[in-house]
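Colleague: Can you join these two chains into the complex? Each is in its own frame, and there are hints to help.
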Amino acid sequence: MAGENVKRRFEYERFGPLIALAILFVISAVASPYFLQTQNLLNILRQVSYTGIIALGMTFVIISGGIDLSVGSMVALVGGVVILALNWLLSVFGEGGEAWAILFALIIGLLFGAGLGALNGLMVTIGKIAPFIATLGTMAIFRSMALYIGSAGVFRSESNLFPDLGMGRVLGIPNPVVVFISLAVIFAIILNKTRYGRYLCAVGSNPKVAMYSAIKVNLTRFISYVAVGITVGFSAVFLSARLNSMSSTNGGMNYELDAIAAVIIGGTPMTGGAGSILGTVIGAITLGIINNMLNMLGVSPYLQGTVKGVVIIGAVLIQRKRSQ
Amino acid sequence: MGEVLIETKGISKEFSGVRVLDNIDIGIERGEIFGIIGENGAGKSTLVKILSGIYTPTGGKIFFEDKEVEIKDPLHAKVIGISIIPQEFNLINELNVYENIFLGSEITRKGFLNTREMKKRTISLLEELKKSIDPEEKIERLSVAQKQMVEIAKAIAYDSKLLIMDEPTTVLTLNEIEILFDLMSSLKERGVTIIYISHKLKEVRNICDRVMVLRDGQMISVSQTGEVDEEEMAKRMVGRELSQIFPNKVSPSDEVIFEVENLTISGLLENISFSLHKGEILGFAGLVGAGRTELAEAIIGIRKKDSSKISIKGKPVEIKSPNDAVKNKIAYLSEDRQGSGILTSFDLIKNTTLISLPAYSKILINSKKEREKTKKYVDKFNIRAASLKTKLEFFSGGNQQKVSLAKSLDPEPEIFIFDEPTRGIDVNAKREIYRFMNELVKEGVSCILISSELEEIIGMCNRVVVMKEGRITGILEGEHINEEEIMLHATGLKGVA
Numbered sequence: 001m002a003g004e005n006v007k008r009r010f011e012y013e014r015f016g017p018l019i020a021l022a023i024l025f026v027i028s029a030v031a032s033p034y035f036l037q038t039q040n041l042l043n044i045l046r047q048v049s050y051t052g053i054i055a056l057g058m059t060f061v062i063i064s065g066g067i068d069l070s071v072g073s074m075v076a077l078v079g080g081v082v083i084l085a086l087n088w089l090l091s092v093f094g095e096g097g098e099a100w101a102i103l104f105a106l107i108i109g110l111l112f113g114a115g116l117g118a119l120n121g122l123m124v125t126i127g128k129i130a131p132f133i134a135t136l137g138t139m140a141i142f143r144s145m146a147l148y149i150g151s152a153g154v155f156r157s158e159s160n161l162f163p164d165l166g167m168g169r170v171l172g173i174p175n176p177v178v179v180f181i182s183l184a185v186i187f188a189i190i191l192n193k194t195r196y197g198r199y200l201c202a203v204g205s206n207p208k209v210a211m212y213s214a215i216k217v218n219l220t221r222f223i224s225y226v227a228v229g230i231t232v233g234f235s236a237v238f239l240s241a242r243l244n245s246m247s248s249t250n251g252g253m254n255y256e257l258d259a260i261a262a263v264i265i266g267g268t269p270m271t272g273g274a275g276s277i278l279g280t281v282i283g284a285i286t287l288g289i290i291n292n293m294l295n296m297l298g299v300s301p302y303l304q305g306t307v308k309g310v311v312i313i314g315a316v317l318i319q320r321k322r323s324q
Numbered sequence: 325m326g327e328v329l330i331e332t333k334g335i336s337k338e339f340s341g342v343r344v345l346d347n348i349d350i351g352i353e354r355g356e357i358f359g360i361i362g363e364n365g366a367g368k369s370t371l372v373k374i375l376s377g378i379y380t381p382t383g384g385k386i387f388f389e390d391k392e393v394e395i396k397d398p399l400h401a402k403v404i405g406i407s408i409i410p411q412e413f414n415l416i417n418e419l420n421v422y423e424n425i426f427l428g429s430e431i432t433r434k435g436f437l438n439t440r441e442m443k444k445r446t447i448s449l450l451e452e453l454k455k456s457i458d459p460e461e462k463i464e465r466l467s468v469a470q471k472q473m474v475e476i477a478k479a480i481a482y483d484s485k486l487l488i489m490d491e492p493t494t495v496l497t498l499n500e501i502e503i504l505f506d507l508m509s510s511l512k513e514r515g516v517t518i519i520y521i522s523h524k525l526k527e528v529r530n531i532c533d534r535v536m537v538l539r540d541g542q543m544i545s546v547s548q549t550g551e552v553d554e555e556e557m558a559k560r561m562v563g564r565e566l567s568q569i570f571p572n573k574v575s576p577s578d579e580v581i582f583e584v585e586n587l588t589i590s591g592l593l594e595n596i597s598f599s600l601h602k603g604e605i606l607g608f609a610g611l612v613g614a615g616r617t618e619l620a621e622a623i624i625g626i627r628k629k630d631s632s633k634i635s636i637k638g639k640p641v642e643i644k645s646p647n648d649a650v651k652n653k654i655a656y657l658s659e660d661r662q663g664s665g666i667l668t669s670f671d672l673i674k675n676t677t678l679i680s681l682p683a684y685s686k687i688l689i690n691s692k693k694e695r696e697k698t699k700k701y702v703d704k705f706n707i708r709a710a711s712l713k714t715k716l717e718f719f720s721g722g723n724q725q726k727v728s729l730a731k732s733l734d735p736e737p738e739i740f741i742f743d744e745p746t747r748g749i750d751v752n753a754k755r756e757i758y759r760f761m762n763e764l765v766k767e768g769v770s771c772i773l774i775s776s777e778l779e780e781i782i783g784m785c786n787r788v789v790v791m792k793e794g795r796i797t798g799i800l801e802g803e804h805i806n807e808e809e810i811m812l813h814a815t816g817l818k819g820v821a
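Chains as they are written, first to last, in the working numbering: chain V, 1 to 324; chain A, 325 to 821.
One chain only, chain A, in its complex shape (with noise of 0.2 Å):
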């Protein structure tokens, strides 16, 4: 048994009432990498805000190092030795990598920022974790996976004692994750602590050495992770017995209903061509960078394309705007939920209408129409709030993304385009999604996913269809579509690239 390093007991938060964190006891040691698992709205989120500082417990202690301690905030955190690498970015888009990783804790000589030694350290930071990542680039020219990369190093820059991770490995490739577990394993050997949240539960089994269930504000278990598989796990997340994840597929028809033909964006883009059938699931896999995102925005009109030919049902269209795309009956689910998929301060309704809007106005809008809609969709999707004039801020994750769904499934898409849809939700919510998908497929919608998760791939397409650097390498099909076929096409091993 080694050294404690935090302990708390008896921690509670309660917002407004409602307990959402009850009598947490736990002893976590010095070196040791500590799991917590839990449905979205179990509390993961909210013992780790406490512990580094953002909010302040309703009730119970917390000791460091043996020494009682109030987290006053998360600078506070930061002097202690608690370090976050947050789920949602906290960088700044428009300084540089440098600038961000020693923001608030600037290198200086005389009075004068020391630029040169913070970029040296900030590249060597970078060589720890095997990035090549220019550290005078802005953050805003940053992939999503290499941001990630820079709030990691950000939170290591710190001789930190607690390093907490929430979901650190949503948006980064195999190849990412591996490297990031390569840091957590010579952290761990240099003594450093780590919590990390994930909803993978397979990552958690492999890195962590115990793993602690939290349902619905309660601690449930605290294991050795050789002591639970994945199956046990999911069950005390859920607290019943875990039925099959992905619906069995359903048949397309043979009807094309959506034809893409030689789609350019020089540089980013080359002669995308690709079909998609009525009643279909359409897989894009390919790692980060690939060019997926960049299709579909190319599609839905928001990027403008230098050639391409648009069908749908065998007219050819022109789509320039996102509203083209909506006329054309196309939807799109950002990958970027806060950042281009709903505004979160505005509440359920008028969320769910935003699209849809000019269906429920001729000159004012009907508020009775939206209402008992969005009620339609909150029964649906079985979408948690406190009420329909909540404003979204206050939901959880897999609950906005709900609300995301509605918002592009209220003007009734024949196409919908699915931008890594399960990201950053749990498992059950995971599961409402594959189940909401097949049920569109069943009605004809024809849909398109694009995942970085291949067991989602694998699970739900009919074809896949996998790409590397801006071109397609393969279509995939039939028993062709397995984790091998796809990753040979998506490293460039396989296929014509």
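Looking at chain V on its own, in the form it has when it is part of the complex (with noise of 0.2 Å):
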């Protein structure tokens, strides 16, 4: 009876961010002649990229019902250990190496990342920490020891091919973007098609529902705290590329606060429980037109966090009036 209603608030749902990027979208091409161009436009795709590849991650934390907290300091040990390892493959590989180099410095770093989100899962699982507090602590962890490592420096790469992994495009589109978009069809696919995806809403939903419908709900949660770890690997890994170097002390800063907002922004509650990737990306994608715009008609920097604070207030506001 109550259904039909239902379904319509329920499409609502999943394209009110949508056609709240749109609006934004048509604003922009209004306010400034140079928003449309094709190079602007990839700008703000490559831009949001790195968070954008590490919110993929972040929503299936959310949809479990917890969060993540350490994927910027994350960001900054991946990446520097990246570069150590790069550093170290060129010697042992050689000259003509180095194309090997960095492709076993990726995988080093995807692997990494995904044994750093293994500690942050067993402590959430095992250790039974809560989410925040676990990834608060080891936020600091990380942090501390990029700048141990790095002597609070920054760590260079001495290959003259890396850059190469950061700056190239494949079809006029940068890597960094390709990897985000790939990314995200592959996280949606398991979100949406696969048995993970679903226990995954289920243990966020009510996880004791989960566990007598014999699902592994320390197992499925564990899983996605690797999956943010992997996502931090790809955006470290790519950043560094594009520097050449990753900076101890800034690299990966405030990282986790944009890819929390791009999954709050996207529409998924943060009791878990549900959630979309589609909505991610409009959302990262959302935080790099209201940045891109504020640059071009020439906002004071120190005034965008006001922005996007109150663009994060707001998307939850409206959502919270929805499901009313």
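Check each hint, because a few of them may be wrong.
Computed list of lysine to aspartate or glutamate pairs in EDC-like fashion (alpha-carbon distance at most 20 Å, straight line) [said to hold, decoys possible]:
hint, chain 1, residue 1, chain 2, residue 2
1, V, K193, A, E696
2, V, K208, A, E412
3, V, K216, A, E642
4, V, K208, A, E464
5, V, K208, A, D660
To be clear, the hints were calculated from the coordinates, so they are not data collected in a lab.
Modeller: As structure tokens, then:
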């Protein structure tokens, strides 16, 4: 009886963030003639892809009912380790093996990210520590490790080929954007079409029901933290490739905020149990356009945080109104 | 004719164009106990929610103490003197008993909480209910029946003029029900009006002055309870003659399919041993707190067992998690539907296939197969749903229970444990569930039925295990399965305790 109404509201929920993005897009196009230029649009996409990639994994963690505050620090630590590994691999493989060195460095980055994520996951599941607390702790630990290993300076790569990975393009699209979109497709399929995605929502919605339904609650949660670690691995590798370096002090600074913001603006509730990868992608792009517009309009960079904050709070308010 | 306390004129409620309550005119007198009966979805809860300020009616007027009122929200209802004891608990698990009872109306002295006074009043309230519950005990540590008593205490803590009770006795034992009825009588003498909603027609007949029958949102009749018997009430509820409620029992085979030996959890269960035959319905009776649910949870691997030997078809098995239980073809239908049975935020399809999902997916989920299977269950159990994509939070209790059944059934279990399967659902849905259990045993599935409704145990089971405080006090067969024998064993007056 109430079904049809519910369905309509559900559709609205799904398309709400998209409509908001469309409106923002039109406003931006009117406000600035440069906005619609391909180069500018590609720039926005590239800029958002580093946090956008992490936001994909973050979506999983938030759906499971958790949060990961450590991703920003993790970017610095993983990026630093990737560069140290790359420099070492260069000396192992020699002149002709640079591409191989980069490939192995990439794999190391992903594995290391997964390992750090696994550490968070173990604390949350086996250690039964609240995700906020556990990852607040590792946030401090990872940053401090990066600072220590990098002597609070910048990790510099000795490779001449590495920047090509970060700066390169496929069919005119910047590499990080290609990675972002590809991962988004993969994550969306996992979330919507596989058993794991279903279990993730079930665990976030009601862990007790999930347990009674023979779902491995802890394993499901654990995997979501590993997933966000892997996305951090991708982000760290492409970010350090672009700069051919990674700062131990500033690398990945505040990435956790942008990643969480993208997830929330995309309509995934902080309470978990449901979520949308498309929404997260839209959320990330929305944040990017806002930044871009504020820059073009010459708004003070100090005020940009205010605008971002207002958008996040506004998005949540609208979602709450809708769900009532 | 006494003085009318609350009167409704033409109260109606629509949800997206569907009329769920149609022109209800009632006048309830001061000090009256007014029963409302009807099937699930008849509109009982909707009416109650309107009277307690949770819903706003689409049409009609409410008069309270001769003044027209618009009940804005539950707090407003409380202020004018309407309290409700809801069907689903409304207690905060993390707080203790007295904090819950005085939640929102704490007693203060000079701006600080007066805990001593609140504790004192809590004790006297619970004394009135003849319950000794520590006022400082956390709600989460209370049994279901104790929680219900706290809800009742919470409602009578305010000087309510109208007390609405929505199925208060479903989780109470016979003894506790008696205490509740005594309390209702004394409230009545004090001039408190009570609206009493129940599926238990016998209770309604015993305690209520008048009874209203609702069907499909329409008021069918209001009569003095002396004028209608239970059969007549049931007839009016469903709108047709009721056939036999329990199906004929099926004789099980001699083959033992499932055997538990010496299952012990220290402090909870002691040396539980029993066997289950193929095609049998084995009842588990006992008072609340006898450890029956705990036993079921131990069997399916949710509770750690200190010692046990469990065998299926003669082969010993280890069940350490619900996953092991599913692998060994054991299904469990939880007594706590919303807490551990179904996901209210998931739709019908996703709930149905939640346990059996591996059967629908290699890498990707075959959503077509899911949909088709769900449709079969909708037909089989007569599940009333707007669509297969409707979230379960919009389902009535009976329909939720049917989905819960479908979900447990989908992995094709050979042993099916039902824990209070008919709690809080109407006669018709009950009958459907009994018929379904009967079909299951005909197909050779073996069932365990944990129930606090003796009628159900007696009507359905081939043998009955009676438990008291974590031990088995007797296993009854044949003519020994009767109310008296069960109660004697359950209270420990008979059998080995």
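Colleague: If a hint holds in the structure, say so; if it does not, say that too.
Modeller: Evaluated hints:
no.	hint	in the structure
1	V:K193 to A:E696	holds, 17 Å
2	V:K208 to A:E412	holds, 17 Å
3	V:K216 to A:E642	holds, 17 Å
4	V:K208 to A:E464	holds, 14 Å
5	V:K208 to A:D660	holds, 11 Å
Hint compliance for this structure: every hint is met.
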